[in-house]
Every structure is written in structure tokens, then in C-alpha cells.
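*Asks:* Chains L and P, in that order, are what the protein sequence lines are. At position 154 of the first sequence (counting the first as 1) the number is 153 in numbering that gives the first Met the number 0, and the numbers step up by one without a gap. At position 43 of the second sequence (counting the first as 1) the number is 42 in numbering that gives the first Met the number 0, and the numbers step up by one without a gap.
Calculated directly from the structure, the hints in this document are not laboratory data. Each residue gets a CB set at the ideal place from its N, CA and C atoms; glycine is no exception. There's no promise every hint is true.
[Claimed, not checked] Heads up, incomplete: computed chain L residues facing chain P, CB under 10 Å, no partners named: (1) ASP111; (2) ARG113; (3) VAL211; (4) PRO215; (5) LEU216; (6) ALA218; (7) ARG220; (8) THR296; (9) SER299; (10) ALA300; (11) VAL303; (12) ALA304; (13) TRP307; (14) ALA308; (15) ARG311; (16) GLY315.
[Stated by the list, open to error] If you anchor each label on the Cβ, the simulated ranges turn out as follows: (17) ARG297(L) / SER131(P): 20 to 28 Å; (18) ASP98(L) / ASP43(P): 49 to 57 Å; (19) ARG25(P) / ALA198(L): 44 to 52 Å; (20) LEU72(P) / LEU32(L): 39 to 47 Å.
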Amino acid sequence: MRAPLPARALDVLMDRTLAPGYSRAGLALRRRLPGWPVDPLPGSLSGRHVLVTGASSGLGIGCVESLVELGATVHMVVRDELKGGRVLDQIHARRPDADLRLERCDLADLDDIRRFVSEMDLAEIHALIHNAGVMPPSRAESPQGHELSMAVHVLGPVLMTELLRERLHDGRLVLVSSGGMYAQRLPADDPEFRSGDYAPAVAYARSKRMQVEMLPLLADRWSLDAITVAAMHPGWADTPGVQESLPRFRRLTRRILRDEVEGADTSVWLAATEPAPPTGRFWHDRAVRPTHLTPSTRPSADEVAEAWAWLRSAAGVD
Amino acid sequence: MKPSVTRTLITSTSPEQVFAFLADFRNAEEWDPGTKSCELVAGDGGVGSVYRNVSAFMGRETEISYTTEELELPTRVHLVGRNEQFEGHDVFGVRARDGGAEVTYHAEFSFSGAARYAAPLVAAYLPFLARSTIRQLKISLDSLGVGQ
Chain L
0 MRAPLPARAL DVLMDRTLAP GYSRAGLALR RRLPGWPVDP LPGSLSGRHV
50 LVTGASSGLG IGCVESLVEL GATVHMVVRD ELKGGRVLDQ IHARRPDADL
100 RLERCDLADL DDIRRFVSEM DLAEIHALIH NAGVMPPSRA ESPQGHELSM
150 AVHVLGPVLM TELLRERLHD GRLVLVSSGG MYAQRLPADD PEFRSGDYAP
200 AVAYARSKRM QVEMLPLLAD RWSLDAITVA AMHPGWADTP GVQESLPRFR
250 RLTRRILRDE VEGADTSVWL AATEPAPPTG RFWHDRAVRP THLTPSTRPS
300 ADEVAEAWAW LRSAAGVD
Chain P
0 MKPSVTRTLI TSTSPEQVFA FLADFRNAEE WDPGTKSCEL VAGDGGVGSV
50 YRNVSAFMGR ETEISYTTEE LELPTRVHLV GRNEQFEGHD VFGVRARDGG
100 AEVTYHAEFS FSGAARYAAP LVAAYLPFLA RSTIRQLKIS LDSLGVGQ
């Protein structure tokens, strides 16, 4: 449904001025505007399998809870099984009918992803939500020697999806990105952050920019399996990442930050809404958003080609 | 400044047919209204192949040498055209859609030497150029799928 012009204008104004749109007030207001897409019905995902990575903290928990509400069988893909088990028990205590499975996989480790996929005995997956995130305080590397935020946010998700693409046929793929990427250019000549002074928030935002720039190419690639590919940003949410890595930002904004369920709203909607939304788009609060707020962040054709070649080779995807 | 334009069209022709047509840049004679002639001068049509393209660009005839930069069956075709004062990219993204394809065309230009003063003019002219190119491209692609 297309919203009337004043509602659309207000929505866009809130989006471009950031704070009003990204806060919990932004979501609360948008929900009341005409044209807000309808909520998926309870039970609409019953009998469907959904994988959520990074399911044991922050937005991951909110995402799992909302998917449970829609009746999905949710596979909580976690690195730490002990912590994941505790979270699973907590969700179970709140929702005894929840169909939850715990799966171990380290998204930073390409070998572990191959192991995970080869052991996974699911024939059909409705949706895969790449929610796992890290913000290393100093430059760190994955077991394969890739810069860690790039490994967890880009390489791991791309390899896992590639290996599961046949089982994801006709399904949905969601990359949880970040509005922080708006401030960064595609780091085509240094995706691994080897030069310059490492800063956690910059490395994080660069990896999120990489997700968003590679999104159309990934959508083309996986369109052959009829997979709907989406990236989204949750707005400003009160997650462990923000609590640990951006304490000053959190002190200033705590009262307006979204909670875990609010931050996961668009991911869950993208996984569940019918008919499938258009593929290859960047979303926030259930609407397609621009991927650039200023022309200065736009990559050249050469930079996109360079980043794509790096991604395919680093993720081991030909 | 790098003037660029991106447009998307939808065709009932399959991604594989679209790819085969676009990957052979000699077909620019058909889909690109500006191209007068285009011949393969080196390579087998794969990455690194070179084409000699003669086109009318803003009223002037120019010869540009195009090289195939990327080919990814059936989703991606990227060619780079160069002469002394010009570098241009043609990038196609092909996406499967309801049995047909959604094709995104990205054209990007950069200029050096005296030609760089033409960049703002080209930027202003690009939307018109893109419109006629997309119209012609769609006709060419649609006709490939006819009778399939």
C-alpha cells in the first residue's frame, strides 16, 4: 500500500534528520502513519525454518522472539553454546510453545561455516537472518587472517548463504546492516583495514558499507535461486555492541534507543511479509531507503569491481 | 568528477540469453543508439577481449577501444572503454525475475586533458543519452526472447 503524500514526506524527513527517525519515537510514530505495512499474522511462519545468527544477544534475541510469535521454527545460530543455551531457556520460559533449536557456528571462521552447513540436515530454509555482529576494540583477525568485522559481517554471511542457496530457494535473506555505514565509503583498496589508524566504529561501519555496496551484486547472483535478498538497518538500538563500544553515545541517547524487539522489527517483517518484497534493496522501518546520503560516498565502477573480486576470493566463492 | 547514470529495465528474456547478448560487445551495434560499428579485435569474447568501437557521441564520431573487464555468467558484464582523453564504463547487472530478467545498466565516464572540461556537459546530457539507450536496449533484449 502506498502512503498518502504527507505521511511519506514526514517519514522521509524523519529519516534524513536521523535522530527523530532512528529513535524509538521514530518507529512508534511511523507505525501510526497511514501506509505502514501490515504486521505479518501470528502463525504465518508456522512450519517454516528460520536461521538467525548472533541469536544469543541484543537484536538477535528480539528477532528470535518475534519469529517465535509468527510460529516459525527458529534455529539460533550462536558461537557460544553455553550462553546460547541460557538465552534459549529464558525464551522458552516466557514462551513454552516456542520451537527453538540451538546450532553452533562461528561466523568469523569460514571452515566452521563449511562444517556447520555440511552437518545441517534441513532440506528447506525459509529465511536466513545474518544478525551476528562484532566491534573489536583493536584490529583483530579471523582464523583465515581476515579483519574480524569484515569477516563476521561480510565474508561469513556470504559463504554461509552461498553454501545454503539451494535450500534457501524461494526464501529470504536479511543482512542486518547499520546506519553508521552512511558515513563511510566503500574501502575497495583496503577492505582488511591494513593501512591507516584502526578505529572500532570505523571498521564496523566500513564492513556495513561493504554489505550495502555488495547487496545488488549478491541479489543478482542469488536471484537465480529466487532468493529475496535484503539489507536493513535497525535504527539506534540498545544492544550490547552499543553498550560496550559506544558508551558515550549510549549515555546521551539511552532514553530514545530502541529495544531489542523494536530494533529487529524490519528484519522480521522482511522475513515474513507476503508477497516477498523486491530484492536487492536497503530497508529501514519497513521502507526502502537510499544507500547514500551524499554523492561523496558513491563508489566508482572500478571500486565496485575491485571490492567484488576481493569478496569472492576472500569468501572462497567463485 | 565522474558523470554516471544508472537505469533499470525489465525484459521477458531469460538471464542467460540477456547475458550472452550483452557479453558479446559487438551487439552494441544493435542496442546502443550511439554505436556505428563494433568489432572484436583481440581475444575470444572472454575477459580481456578488446573491441574497436566507433560511435557518435554528442555529435562527434570517436573511436574507443573497449576491454572486457568482468564476465560472470549470467549476472554481470563490465566493459571499459578508453582513448587518449576518455575512460568509460558500461556495467550490466542481470537479475532473474519471473522467468525473465531485470537488467541494471550503469554507465560512468571520466575525462582527462582538454576533454575534462566537457564533463559537466556530459553529465547534463547523460539522462537523455540513457533514455534512448535503455529504450533501444529493451527492444533488443525483448526481441531475443520472442518465439522461445
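*Asks:* It remains to establish, for every hint, whether it holds in the given structure.
*Replies:* Going through the hints against the structure:
1. ASP111: 27 Å, violated
2. ARG113: 22 Å, violated
3. VAL211: Interface hint status for VAL211(L): violated (15 Å vs cutoff 10 Å).
4. PRO215: With a closest approach of 6 Å, the PRO215(L) hint holds.
5. LEU216: 7 Å, holds
6. ALA218: 6 Å, holds
7. ARG220: The hint holds - ARG220(L) has a Cβ within 10 Å of chain P, the shortest such distance being about 6 Å.
8. THR296: THR296(L) check fails; min Cβ-Cβ to chain P is 14 Å, beyond 10 Å.
9. SER299: For SER299(L), the interface hint holds, since the closest Cβ of chain P sits about 6 Å away, which is under 10 Å.
10. ALA300: Constraint on ALA300(L) satisfied, holds at 4 Å.
11. VAL303: This hint holds: VAL303(L) lies near chain P, its Cβ roughly 8 Å from the closest one there, short of 10 Å.
12. ALA304: 6 Å, holds
13. TRP307: With Cβ-Cβ at 8 Å, under 10 Å, it holds.
14. ALA308: 8 Å, holds
15. ARG311: ARG311(L) check passes; min Cβ-Cβ to chain P is 9 Å, inside 10 Å.
16. GLY315: Since the shortest Cβ distance to chain P is 16 Å, the answer is violated.
17. ARG297(L) / SER131(P): 20 to 28 Å: 24 Å, holds
18. ASP98(L) / ASP43(P): 49 to 57 Å: 54 Å, holds
19. ARG25(P) / ALA198(L): 44 to 52 Å: 49 Å, holds
20. LEU72(P) / LEU32(L): 39 to 47 Å: This hint holds: roughly 44 Å between Cβ atoms.
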